[in-house]
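Asks: What follows is the residue order along each chain.
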Amino acid sequence: MDLLFSSLEIIARWDVIAALFVGSIGGVLVGALPGVGAAVAIAIMLPATFILEPIVGLTALLGVYGSSMFGGAIPAILVNTPGTPVNALTTYDGFPMTKRGEARRALSLAYSASFFGGIFSILCLMVFAPVLAKIAPMFGAREIFLAALLGIVMVVLTHRGQVLAAGTLACFGIFLQTIGIEGTAYTQRYTFGQGWLQNGIDLIVVVLGIFAISQAFVLFMDSDKNFPMPHIGKRGFFRTMGELFKFKRIATVSSAFGVICGMIPGVGEFMSQFMAYSYAQRTSKTPELFGKGNPEGLIASEAANNSVPAAAMVPLLALGIPGEELTAMMLSVFFVHNVIPGPQLFANQMDFVLALYLCLILLNILVVLFLFLATDTLMKVMLIPNRFLGMMILTFSLIGVYSLRNSLKDVFIAVGFGVFGMILKRLDYPTSPVILGIVLGGLMEDKLRTAMVRVRQPWDFIDRPVAFILFALIVLALGTHFWTLWKARHGDVVDEIHTDPPA
Amino acid sequence: MEDHDTSEPHVFPHGRKPGELLFCFLFLLFSAALLAQIGWQTTWLPGKALAAQPRLWPAISLGGAVIFGALHLRLTRKVQRRPGRWREAMVWLRSLEYVCWYVVYVLAIPAIGYLPSTILFCVLLTLRLGYRSGRAVLSALAFALFVVLVFKTGFNVKIPGGALYELAPDRLRYILIRYF
Numbered sequence: 001m002d003l004l005f006s007s008l009e010i011i012a013r014w015d016v017i018a019a020l021f022v023g024s025i026g027g028v029l030v031g032a033l034p035g036v037g038a039a040v041a042i043a044i045m046l047p048a049t050f051i052l053e054p055i056v057g058l059t060a061l062l063g064v065y066g067s068s069m070f071g072g073a074i075p076a077i078l079v080n081t082p083g084t085p086v087n088a089l090t091t092y093d094g095f096p097m098t099k100r101g102e103a104r105r106a107l108s109l110a111y112s113a114s115f116f117g118g119i120f121s122i123l124c125l126m127v128f129a130p131v132l133a134k135i136a137p138m139f140g141a142r143e144i145f146l147a148a149l150l151g152i153v154m155v156v157l158t159h160r161g162q163v164l165a166a167g168t169l170a171c172f173g174i175f176l177q178t179i180g181i182e183g184t185a186y187t188q189r190y191t192f193g194q195g196w197l198q199n200g201i202d203l204i205v206v207v208l209g210i211f212a213i214s215q216a217f218v219l220f221m222d223s224d225k226n227f228p229m230p231h232i233g234k235r236g237f238f239r240t241m242g243e244l245f246k247f248k249r250i251a252t253v254s255s256a257f258g259v260i261c262g263m264i265p266g267v268g269e270f271m272s273q274f275m276a277y278s279y280a281q282r283t284s285k286t287p288e289l290f291g292k293g294n295p296e297g298l299i300a301s302e303a304a305n306n307s308v309p310a311a312a313m314v315p316l317l318a319l320g321i322p323g324e325e326l327t328a329m330m331l332s333v334f335f336v337h338n339v340i341p342g343p344q345l346f347a348n349q350m351d352f353v354l355a356l357y358l359c360l361i362l363l364n365i366l367v368v369l370f371l372f373l374a375t376d377t378l379m380k381v382m383l384i385p386n387r388f389l390g391m392m393i394l395t396f397s398l399i400g401v402y403s404l405r406n407s408l409k410d411v412f413i414a415v416g417f418g419v420f421g422m423i424l425k426r427l428d429y430p431t432s433p434v435i436l437g438i439v440l441g442g443l444m445e446d447k448l449r450t451a452m453v454r455v456r457q458p459w460d461f462i463d464r465p466v467a468f469i470l471f472a473l474i475v476l477a478l479g480t481h482f483w484t485l486w487k488a489r490h491g492d493v494v495d496e497i498h499t500d501p502p503a
Numbered sequence: 504m505e506d507h508d509t510s511e512p513h514v515f516p517h518g519r520k521p522g523e524l525l526f527c528f529l530f531l532l533f534s535a536a537l538l539a540q541i542g543w544q545t546t547w548l549p550g551k552a553l554a555a556q557p558r559l560w561p562a563i564s565l566g567g568a569v570i571f572g573a574l575h576l577r578l579t580r581k582v583q584r585r586p587g588r589w590r591e592a593m594v595w596l597r598s599l600e601y602v603c604w605y606v607v608y609v610l611a612i613p614a615i616g617y618l619p620s621t622i623l624f625c626v627l628l629t630l631r632l633g634y635r636s637g638r639a640v641l642s643a644l645a646f647a648l649f650v651v652l653v654f655k656t657g658f659n660v661k662i663p664g665g666a667l668y669e670l671a672p673d674r675l676r677y678i679l680i681r682y683f
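From first to last, the protein sequence lines stand for chains A and B.
So the first sequence is numbered by the numbering used here: it starts at 1 and just counts up by one.
So the second sequence is numbered by the numbering used here: it starts at 504 and just counts up by one.
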């Protein structure tokens with residue numbers, strides 16, 4: 001109980017409350033804008049949060065992270081365009097429902113499923129927090145190295161059909177963090193004699209380039225889309241919200257997929273919604289209606305998405321290992337304030353961790369109330385033309401890039417990564433392996449060097465239980481991947497979710 | 504490898520996009536060129552353990568990028584191509600125009616100040632993008648003012664004042680440099 005009061009004390013401040021409002025409502029707005037998404041918003045906001053205290057900055061960023069998926073469901077359902085990439089599967093059942101004249105029902109189900117997923121994952125983590133606090137100190141240098149390696153392996157393997165591209169980009173990310181003067185023998189690596197490369201390439205500059213500036217360029221190169229705005233009916237959201245309880249099994253299992261996928265570094269929303277959707281379809285009494293407006297598909301996708309953010313904070317807080325690109329960005333907030341996430345944080349500052357989870361609960365409540373009251377107004381946000389939106393993103397991104405050090409070199413590096421990111425996005429290549437490569441690559445180098453001091457034989461590296469389990473998970477992930485490839489080559493595997501496309 | 508049916512619902516992209524092979528080839532070339540310079544650009548310290556060698560991680564990462572890149576290029580070649588490679592390459596090059604806009608915007612800030620350069624950037628870029636109505640220009644102007652008032656005036660983010668502000672009278676100059 002003392003812990004709870006201590007946590008409440010941390011968040012009972014005007015600046016945390018303000019961050020909650022700004023993050024949650026801002027996140028919904030960002031999510032509702034097709035072509036922006038949480039990654040762009042967090043990349044832009046990141047440098048501004050450095051002047052705030054960690055709890056305030058993280059609350060605002062978590063707000064955007066958690067609420068953007070709520071907002072992303074609106075264009076996915078109403079105009080068949082996912083607001084954020086992770087709402088992709090929502091379109092398959094949400095839009096046909098809109099075409100049937102059930103837009104309000106679809107929105108209400110999406111909001112309630114997202115809310116359920118969010119609260120479910122937070123409650124799971126609060127229940128398991130004491131266990132995590134006990135396990136976290138078991139992570140030494142070799143365990144953290146193996147967990148980071150697992151993150152890299154998973155971020156590559158979970159990009160189905162793009163494993164080789166993801167591998168190339170993850171390796172490129174790892175290479176980027178090696179540039180500059182390394183910290184042990186102080187030798188230069190890939191500086192080409194240039195002074196401006198000696199300090200390495202700043203993660204924030206890369207993030208702003210790959211996520212924000214690139215998105216502006218993508219929007220500039222596209223034509224504007226004119227969405228026909230559907231009528232969403234007058235029946236109240238609250239009345240249809242209770243319908244979720246008819247699908248409580250789907251909602252619970254999908255949320256559980258989200259929690260598990262969120263906790264494993266490198267997995268995240270895409271895999272969780274894919275698994276949840278597959279499960280819902282396999283166990284449905286009407287699988288043939290998936291893709292034609294089946295509420296089960298909509299609920300599976302939204303519940304799985306929204307249970308990831310809270311779970312993704314676990315590897316970040318407990319081990320200092322970000323599971324995906326958004327938590328990788330948040331890691332820099334900790335570093336700027338000299339708060340080192342990892343086993344000590346979970347063991348010694350549990351009130352801080354609990355405060356973050358309480359913020360997430362409040363955030364989910366705020367967002368769902370806001371959406372029930374303001375969806376009609378939010379629909380107007382989608383009418384902002386694409387390229388005008390690109391101009392806005394580019395203007396915002398300057399604040400982050402230029403205010404860091406007032407350095408023109410940072411600007412050139414950021415626009416360089418902006419062009420690179422634009423090419424990746426136009427080719428449908430994933431950008432997260434680059435960012436995770438940068439963050440986890442540095443961690444792996446550091447921890448491997450520390451760990452190898454005590455390792456006499458290769459077996460010593462995995463002679464502790466947690467290290468062995470992590471090693472086994474890596475072997476299992478790789479083994480499963482190659483087994484699936486082998487089976488696919490022999491025609492035994494059905495690789496896709498089979499439904500008819502939305503008309 | 505065959506092109507999948509793109510009408511099926513999926514969260515993972517399929518098939519080969521125009522320009523993909525070109526990108527794979529250029530990226531592989533770039534990674535290989537970097538790897539070829541590893542002896543010159545990194546150091547091997549005699550007597551140090553492998554894990555402590557400054558060359559280890561550049562070798563792992565660039566080696567990995569070359570191996571993955573080569574395999575990816577090989578597999579991409581087998582996927583049925585969609586025409587438009589050079590048209591796509593032209594799109595990549597066309598983005599350089601907006602790079603120039605951005606760089607000019609950044610260069611203008613220390614000269615004419617954050618507020619005027621942001622207003623000019625937003626309004627002129629809006630016109631360049633084809634939004635010529637009075638409503639669009641006013642929206643761009645309002646947006647520029649919003650950005651400056653929130654970030655520079657409100658949050659005091661670290662953006663230098665313009666040389667042009669030096670021409671203003673003493674008291675106004677301080678306000679301009681500090682808040683705009």
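Possibly wrong hints are sitting among the right ones.
What the hints assert, rightly or not - 35 Å max Cα-Cα, derived DSBU-like pairs, lysine-lysine:
1. A:Lys-409 / A:Lys-425
2. B:Lys-520 / A:Lys-425
3. A:Lys-248 / B:Lys-581
4. A:Lys-292 / A:Lys-99
5. A:Lys-380 / B:Lys-581
6. A:Lys-487 / B:Lys-520
7. B:Lys-581 / A:Lys-292
8. A:Lys-409 / B:Lys-661
9. B:Lys-551 / A:Lys-425
10. A:Lys-409 / A:Lys-380
11. B:Lys-581 / A:Lys-409
12. B:Lys-581 / A:Lys-487
13. B:Lys-520 / A:Lys-99
14. B:Lys-661 / A:Lys-425
15. A:Lys-134 / A:Lys-292
16. A:Lys-134 / A:Lys-99
17. A:Lys-99 / A:Lys-409
18. A:Lys-225 / B:Lys-551
19. A:Lys-225 / B:Lys-581
20. A:Lys-292 / B:Lys-661
Unchecked claim - Label-pair restraints from in silico Cβ distances:
21. A:Thr-252 / B:Leu-627: 36 to 46 Å
22. A:Gly-193 / B:Val-640: 24 to 34 Å
23. B:Leu-623 / A:Leu-123: 50 to 60 Å
24. A:Pro-85 / B:Leu-610: 27 to 37 Å
By construction, these hints were calculated from the structure, which means they are not laboratory data.
Keep in mind the model is a prediction, meaning the values are calculated, not measured.
Beta carbons: idealized from backbone N, C-alpha and C, even for Gly.
Asks: In ascending order, which of the hints set out earlier in this document are inconsistent with the structure?
Replies: 3, 5, 9, 10, 11, 15, 16, 17, 18, 20, 21 and 22
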